[in-house]
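Guided by the hints, dock chain B onto chain A, whose structure is given.
Listed below, chain by chain, are the residues.
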Amino acid sequence: MKIDMYNNVYPKMARKTLAYILTVLMCSPTMAKSIKISDQFGDPVENVVVSFITLDSVKGNNPDTTIMDQIDKQFSPRVLVVQKNQTVFFPNSDDIRHHLYSFSKPKPFEFKMFKGGESKKLTFDQAGIVVLGCNIHDQMVGYIYVADNEYTVMTNELGIAELPSTGLAIQLWHPRLSANKIERKSMQLPSMQSEQPLMVMLTLLADVETSTKSTFGSKKFNRGN
Amino acid sequence: MAQRPLNQSIFRLVVGLVVLTTITIFVTVWLATSKQTQSRLNRDLVIAENVLQRVLQNREDLLYNSAYVLTADFGFKQAVASGDKGTIDSALLNHGQRIKADLMVLVSLDGNTVTSAPAVLKMQHPFPYPEVIDNVIKEGGDSSLMMLDGHLYQVIMLTIDAPTPIGIALIGFKLDNSILTQLNKITQLETTLQVFTGQSEVYKISTLPDAVISSALATLNQRPSWLSITITKDTPYISQQFTLADDLGSRTVITLSEDAQKLFADFTSLQLGVIGICILVILLATLFAALFSKQISQPLTILADIAERIAVGNYTKDVAVASNTKEVKLLSEAFASMQNNIESREQEIIFQARHDSLTSLYNRRHIETLLDNKFLNKSSFLVIGINICGFRSINDVFGYHNGDLCLKELALRMSRFECVTARLNGGELLWLPNDRPSEEFISSLKSALEVPIDTGDVVININVAMGLIDCPKDANNTQEVFKCLNIVLDEAQITCGLVLKFNSKLEEHYTRRLSIITELKNTLECGGDELSLNYQPKLDLKKGMVTHVEALIRWTNKRLGFVSPEDFIAIAEQAELIEDITNWVINKAIEDAARFKQANLNVSVAINLSAKDIMNPALLTHVLVLLKEKDLATACLSFEITEGDLVKDHNVAIIHLQAFKDAGFEIAIDDFGTGYSSMAYLQNLPVDTLKIDKSFVLKLPEQDGDQKIVKTVISLAHSFNMNVVAEGVENIETLTLLADWGCELAQGYYICKPTSADNLITWYNANLSTKWL
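From first to last, the protein sequence lines stand for chains A and B.
Under our numbering, residues 1 to 225 are what the first sequence spells out, in order.
Under our numbering, residues 1001 to 1773 are what the second sequence spells out, in order.
So here's chain A without its partners, still in its complex pose:
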């Protein structure tokens, strides 16, 4: 029997997401084409994938780069956005081995990458979120956002993303938006915007570092030390 964990998880996660506070701040009456995304602590959130369907273009934008490199035992970039059926290259810039894998539903795969070896490539033919890991280095987590012909932009380190127009219905994605990493947040942007970026706040999960999992603080018998 095949179990679709993600479908099972989804309704609950959606319910939870409704509880998240989403606030759209109308900062100015003038027209603007950018949004600024911050978390519940007011810090700008980088790598938020903002996707939308433009009125004038059916086809989404094709990102220029489709390389998910491994540099210094980290995926680079952390979040890579590609369009469905696009091929992603996986070079290895480290001088050590990596064992890339993904159990994500759109494209489960497994690469054993030798140092200085040829780069692997993989075509993602289904839209969705692909979570990348390295079996050797647990701290390595990467995401490939496979867009389904949507137009996508990603927030920079200031949490700002430029949008082509106002009044878009957008979807927001970020790994810390849900536990299963696949949840997206939809929202309708107002058509009247000021020059200032539109402020959007996302409530995010705390970042769990896989490498520090052994120090979780809820062990029962740690007291007395």
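By construction, these hints were calculated from the structure, which means they are not laboratory data.
A hint or two may mislead.
Computed list of chain B residues with no C-beta within reach of chain A, every gap over 12 Å [unchecked claim]:
#, residue
1, F1074
2, S1108
3, I1137
4, T1159
5, I1160
6, T1164
7, T1207
8, A1311
9, D1318
10, E1418
11, E1439
12, H1509
13, T1547
14, K1558
15, Y1750
Heads up, simulated DSS-like pairs for lysine-lysine below, C-alpha to C-alpha not over 25 Å straight-line [said to hold, decoys possible]:
#, chain 1, residue 1, chain 2, residue 2
16, A, K105, B, K1085
17, A, K107, A, K120
18, B, K1753, A, K185
19, B, K1085, B, K1100
20, B, K1542, A, K105
21, B, K1100, A, K107
22, B, K1204, B, K1185
23, B, K1542, B, K1753
Taking CB as the label site, the calculated pair distances span [claimed, not checked]:
#, chain 1, residue 1, chain 2, residue 2, range
24, A, L205, B, V1069, 21 to 29 Å
25, B, N1094, A, G167, 54 to 62 Å
26, A, G167, B, P1126, 53 to 61 Å
27, B, Q1199, A, L205, 31 to 39 Å
28, A, L205, B, D1247, 54 to 62 Å
29, A, L205, B, G1086, 30 to 38 Å
Just so you know, even glycine gets a beta-carbon here, dropped at the ideal spot from N, CA and C.
Just chain B now, kept in the frame of chain A:
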């Protein structure tokens, strides 16, 4: 305060102190060990708790590490990610077996149980503790105690990261008896684990036997008393409880129980040991205290007995009390010296009590005792009283010092004879010869005693009178001896220088003397109503008429009858009553003289004076005063003095007599011729008249010798210009002779017997014209 024997006091003190000390030691040890045990218990429990925590933590760490390694296994991840139940189940089973987990469960991120091996949780059902799921997702993992299907599991829940969480793996390890046994081995404490939901117990395991669990849990966190552990043994366990975990609606508590018997075993044996030692010490102390106190008190008891013996005068026993105690030894020595001192002092006292302090002869009291003994023995013996004649005069003349020397000397002389001697009083000694002495011996003793005593200053001649009392003939008891002694010595003293044997006449005489003295005293005290004066006329031969009357005292006592003046005057002189009698006579004579004058009797009343009266300087004045009261001339009174009286103190007598004569009184010498008076006195004496003793006159006509004496006396008197009175004239022949010889006055029965004043007046008037010659 109640008195208590010394040994008892010492005993009590020693035993009391020892008991107090041992009790103190016991209580101290008890408290210390009790406290120590309690703190050891507390420490044990705290350590055990910490150890338990540590053990569980280590176990958790170990379990976690195992679980982590398991969930990090790529194959496992792959299997889970495959979504194939068979694959997942087998992977769970396989990996669970690797780390000996009792339960492996896969939970989806949205909180549903995916699979459970073994099938403790229902699949496709929400996980019973959804709050844990959130925490696991948030933290990456969780560890907790969970009640699952009636069992308690130590559960490690970890996200399965590929590399982000794709599910949650639950690895459970049963907390069962084997774990508790393990803990028990480490902490050495009985461990009970309970899980409560709300107030109700839902799970319980224990290393304790089922029977005692409830009682062990009942004494939770109590610190039971030593009594209940050691004696009543109703507290088998001492328990301490702490909460291991309190979440997920359940409270897991651990109870550590220490076997009280085991814990207190050392303590109890120590206490029992101390109690044993205490009892032993008390017993030993009691024994030694008893011995010691006896050792102290026994000599004291003996000494007390000795003191009592000494108190009743028994000094014979040796005072030596064996004792190791210095004080007792000192006391014993003190007793010994006390006994000696008391004995010697008592002997001294007895000696003083029995002896005369001056002469060291026996005293009167002791000789009484000796005499009593002799009478008791019914022995026949001779008592000889010795009286120094005129001892008082010796004291007066030579002084008491010499008097004492005389007594001492006599005592010394007496002591040379084998006999018992005592001093009764004054110059009176008592001699109690051992054997009945011969008269020669007594005489020689007398001579020996009468040797003149040379005191150094003077030589004192002494005479002793001796009275012999033959017991039991003369006296039957001691008091009679003394009475006889008085009588015989009295008599012997009167007849100074004699050895007088006691006889019954002496006693009669003595008794009469005593009676006379007593009665005379009584009479004189009553104003002399038993006394009377009789008067005997003196006839003036020249004038042929009565010119003088001699007052003669008469005493008729209602008991003794008529007592001759010769008897009682002499006794009165000895008994010092003569002055009173003279006073009475003078008063009475002057009274009568006044009557005579009133009755026209021209007579001079002659009163007899004793030598003592003459020596009384107040007498003359007294007489003159009385005469003046009665308005009488001195010629109405004249005095007669016995010749012997005057010899003793001649010069003073002359002065006093001269005074009487100067006052106009006639003085006659009575009983002239009977004494040994020197003729030389005669010319110096201021005397008017010589009274010839009647012994020369009574038979004057027949006795030629008497005639010569009387004639000579008359001529002698005349040659000294004195008159002569002749008494005892009983016939006319005598009267005639006297008248012929020129005798001035005559007195006697022929003329008139002594008669009362009234009769005299009658007689006088009747004979006014009588021709006597």
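Now for the hints, and whether the structure bears them out:
no.: 1; hint: F1074; result: violated (5 Å)
no.: 2; hint: S1108; result: violated (6 Å)
no.: 3; hint: I1137; result: violated (5 Å)
no.: 4; hint: T1159; result: violated (8 Å)
no.: 5; hint: I1160; result: violated (10 Å)
no.: 6; hint: T1164; result: violated (5 Å)
no.: 7; hint: T1207; result: holds (20 Å)
no.: 8; hint: A1311; result: holds (89 Å)
no.: 9; hint: D1318; result: holds (89 Å)
no.: 10; hint: E1418; result: holds (124 Å)
no.: 11; hint: E1439; result: holds (140 Å)
no.: 12; hint: H1509; result: holds (140 Å)
no.: 13; hint: T1547; result: holds (167 Å)
no.: 14; hint: K1558; result: holds (141 Å)
no.: 15; hint: Y1750; result: holds (170 Å)
no.: 16; hint: K105/A <-> K1085/B; result: holds (17 Å)
no.: 17; hint: K107/A <-> K120/A; result: holds (15 Å)
no.: 18; hint: K1753/B <-> K185/A; result: violated (200 Å)
no.: 19; hint: K1085/B <-> K1100/B; result: holds (21 Å)
no.: 20; hint: K1542/B <-> K105/A; result: violated (218 Å)
no.: 21; hint: K1100/B <-> K107/A; result: violated (35 Å)
no.: 22; hint: K1204/B <-> K1185/B; result: holds (19 Å)
no.: 23; hint: K1542/B <-> K1753/B; result: holds (21 Å)
no.: 24; hint: L205/A <-> V1069/B: 21 to 29 Å; result: holds (26 Å)
no.: 25; hint: N1094/B <-> G167/A: 54 to 62 Å; result: holds (56 Å)
no.: 26; hint: G167/A <-> P1126/B: 53 to 61 Å; result: violated (42 Å)
no.: 27; hint: Q1199/B <-> L205/A: 31 to 39 Å; result: holds (38 Å)
no.: 28; hint: L205/A <-> D1247/B: 54 to 62 Å; result: violated (22 Å)
no.: 29; hint: L205/A <-> G1086/B: 30 to 38 Å; result: holds (32 Å)
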